[in-house]
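Participant: Produce the complete structure using the sequences and hints provided.
As a plain string of letters, each chain reads:
Number of protein chains: 2
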Amino acid sequence: MKRHLVFLAILLFIFSGSLCFAQTNQPVKEDFKPATSNQPGKEYPMVNSEGRVRVSILAPVAQKVQLDISAVKYDLIKDENGVWTGESEPQDEGFHYYQLWIDGAAVPDPNSLYFYGASRWGSGIEIPAHDQEFYELKDVPHGQISEQLYFSKSNNGMRRCFVYTPPDYNKDTEKRYPVLYLQHGGGEDETGWPNQGRTNLIMDNLIADGKAKPFIIVMDNGSWRMPGQDRPPRPGDRSAGTWPPAGWADGFKKTMIEDIIPMIDENYRTIADQQHRGMAGLSMGGMQTRVITLANPKVFSYVGLFSGGSITMDDINNSPNFKEKVKLVFVSYGSRELENGKTRFGGNPEADTEALKKIGINTHYYVSPLTAHEWQSWRRSLHKFAQLLFKD
Amino acid sequence: MKRHLVFLAILLFIFSGSLCFAQTNQPVKEDFKPATSNQPGKEYPMVNSEGRVRVSILAPVAQKVQLDISAVKYDLIKDENGVWTGESEPQDEGFHYYQLWIDGAAVPDPNSLYFYGASRWGSGIEIPAHDQEFYELKDVPHGQISEQLYFSKSNNGMRRCFVYTPPDYNKDTEKRYPVLYLQHGGGEDETGWPNQGRTNLIMDNLIADGKAKPFIIVMDNGSWRMPGQDRPPRPGDRSAGTWPPAGWADGFKKTMIEDIIPMIDENYRTIADQQHRGMAGLSMGGMQTRVITLANPKVFSYVGLFSGGSITMDDINNSPNFKEKVKLVFVSYGSRELENGKTRFGGNPEADTEALKKIGINTHYYVSPLTAHEWQSWRRSLHKFAQLLFKD
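Respectively, the protein sequence lines represent chains E and A.
This note's numbering numbers the first residue of the first sequence as 11 and each following residue consecutively.
This note's numbering numbers the first residue of the second sequence as 11 and each following residue consecutively.
Note that these hints are calculated values from the structure, not bench results.
Honestly, I wouldn't trust all of these hints.
A pair holds if it fits inside one copy or across any two, identical chains being indistinguishable in the list.
[Unchecked claim] Below 27 Å or equal to it, Euclidean Cα-Cα: the simulated DSSO-like pairs (lysine-lysine) are:
hint : residue 1 : residue 2
1    : K335      : K43
2    : K163      : K148
3    : K148      : K263
4    : K394      : K333
5    : K52       : K74
6    : K148      : K264
7    : K221      : K337
8    : K352      : K337
9    : K163      : K52
10   : K43       : K185
11   : K181      : K163
12   : K221      : K39
13   : K39       : K335
14   : K163      : K308
15   : K264      : K181
16   : K43       : K88
17   : K181      : K223
18   : K52       : K83
19   : K88       : K74
20   : K367      : K185
21   : K83       : K367
On a predicted model such as this, the values are computed, not experimentally measured, just so you know.
Facilitator: What follows is the structure in structure tokens.
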């Protein structure tokens, strides 16, 4: 047994050595271009055709400057003018949060646009994707994203959501529309789907191509804190007991049912019934969607869980009316979140999907190729999911 | 004469000495509170009752960290944990851009919200104001701010504006509204009035109090570059010849008249005539408003110039129809922008106002107390101006 362990250690050592070798000796392709997520007129950060991110910042007195992206820190190199430059390993296609470290201070890159994620406004970058056409800004009819402020009784305070209305909403003021309630993940907020998610561009392009019915999308703030903690729940919290803890989604469920839906039905031209209402979310928002729709099958017809669990036969058996009332269950993950079909949350989404199909529930399962627990998986999920909604 | 100069020099020396004395020895009031413009959950930056800004950042390896606000850099002091902290002199009431310097790198404060100004997304801070009630978020009926994407023929590309619609816009889908076109300043963009300007809150509060008629506000991007330069015009450019240079506002004038107004009239329930259309702007946006409305008195009835010049008798004489067609001219400045009634641009807004009044033009002049060329002057200007609009 000991011999095996030694052998394994040697193998790991060789493997890690070869990884280092690959990292340091592989030539970096010099076809960098400014990222589309840069501030106006900024040359850096840049991205090359391999998906490497190159940043650059003037910091003449600094001793150490690093690029911090996808949980890896890369040392930058200083030139004779005090400008630090360097690049990362290739990144997945799509959107990534990142930051700079300057002599021990974690700061946003002054050249990038800023996004709310990881519980802070900070830098983000777009890596060009082979399929980016579906979320690009084009000369097609555009809907609006509106900021909606409202008083919430259940929170006894003002709240904010963003509402996407489709291109013809302002033109035909008689027409009424179905509604999708679409939630962000942990450490994000109501700006996630409008900014990182590109919700409006995905929908405008789908509607222009005749691939999706026009519908309203409501993006609210589902942030929720672990009792006694100042952050949303994380998978690691499981070690503290059952996870998610019992009743964890109740606060947002109350807000959704008692405040958000009535406010939207009062202020927008919705078709205010179960057949024309859906809910979806990513990660924490998917877990909220699961809990809220299982508890309210008479409120929602369409259910989307993006990297946020799946619905099991146990769930169905414990949710009266779900099987009869719900028209569609959509479950998705990024391929890098899965190992032998299982997720890091322990579920088996494909097996769950097959079980639901067998009892006659209209269930769809989608895996985003070569992406992880990140926005490209969720953009693609929305793109697939939206084409299935409100069609009958 | 020489004796007088020596005397003056001595006086100045004493005065500057006493200023230094006051700065270093005046005790800082220890009643700092987190700024309302902080990111969620962030303790710093803080502001005290004198309007001093205190920032704090962990930068254990840094040698020098500074707070840079209102064109002054303040050294921070490092504690035993590597946390740098320090504060500024008292700031004017209202909103200010700022940044941090870490070992020679200019970066946003990771704790603040970010705003577009000074040609970059960066940190901003709210200093509590004695009159802040007029732009506070309250439980009153709220309008929406919508992001509107559109194709512009005159620019041959996609553009973006934000549109404020009043609280009852979505409720009564028959009603039509007047429109104000409201422009930002140099180095800012279409996000300035929605974010720093708090346009929606100012309007929602005024409408709730019955002090303003409900109207639509369109906030577009008037950015314009000096030929051959990569930045908007600045007063210093006068040294290069006449300023603003001839024809400098023509690009945005064309976009406004040929693209923006028709697009808004097509997509929103406007009253699409001269009597129900106004234009206003701050600084560069005021200068654009002046040029565009003088050239188009048959398009606009209401004119607002905030820290952006005034309309002279020469202007009136050179603009056929202006006197007959325009219902209101509103001119404003921050008190700190004026010296003996004159502005740093050389104009005399009060004298110009009086001259226009004498020939029967409905002209208003407003000076924002104890503010400079900054957002608090412009929030107050909008607050005054909005109460005068579309009332007959």
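Participant: Work down the list of hints and note, for each, if the structure agrees.
Facilitator: Structure-based check of all given hints:
no.: 1; hint: K335 <-> K43; verdict: neither (50 Å within a copy, 51 Å between copies)
no.: 2; hint: K163 <-> K148; verdict: between (40 Å within a copy, 14 Å between copies)
no.: 3; hint: K148 <-> K263; verdict: between (36 Å within a copy, 24 Å between copies)
no.: 4; hint: K394 <-> K333; verdict: within (22 Å within a copy, 58 Å between copies)
no.: 5; hint: K52 <-> K74; verdict: both (23 Å within a copy, 26 Å between copies)
no.: 6; hint: K148 <-> K264; verdict: between (38 Å within a copy, 22 Å between copies)
no.: 7; hint: K221 <-> K337; verdict: within (19 Å within a copy, 49 Å between copies)
no.: 8; hint: K352 <-> K337; verdict: within (25 Å within a copy, 69 Å between copies)
no.: 9; hint: K163 <-> K52; verdict: between (44 Å within a copy, 26 Å between copies)
no.: 10; hint: K43 <-> K185; verdict: neither (44 Å within a copy, 48 Å between copies)
no.: 11; hint: K181 <-> K163; verdict: between (33 Å within a copy, 21 Å between copies)
no.: 12; hint: K221 <-> K39; verdict: neither (38 Å within a copy, 62 Å between copies)
no.: 13; hint: K39 <-> K335; verdict: neither (54 Å within a copy, 62 Å between copies)
no.: 14; hint: K163 <-> K308; verdict: within (22 Å within a copy, 48 Å between copies)
no.: 15; hint: K264 <-> K181; verdict: between (34 Å within a copy, 25 Å between copies)
no.: 16; hint: K43 <-> K88; verdict: within (21 Å within a copy, 38 Å between copies)
no.: 17; hint: K181 <-> K223; verdict: both (16 Å within a copy, 24 Å between copies)
no.: 18; hint: K52 <-> K83; verdict: both (23 Å within a copy, 24 Å between copies)
no.: 19; hint: K88 <-> K74; verdict: both (9 Å within a copy, 18 Å between copies)
no.: 20; hint: K367 <-> K185; verdict: neither (34 Å within a copy, 49 Å between copies)
no.: 21; hint: K83 <-> K367; verdict: neither (44 Å within a copy, 65 Å between copies)
Going down the numbered hints, you'll see the structure goes against 1, 10, 12, 13, 20 and 21, while the others check out.
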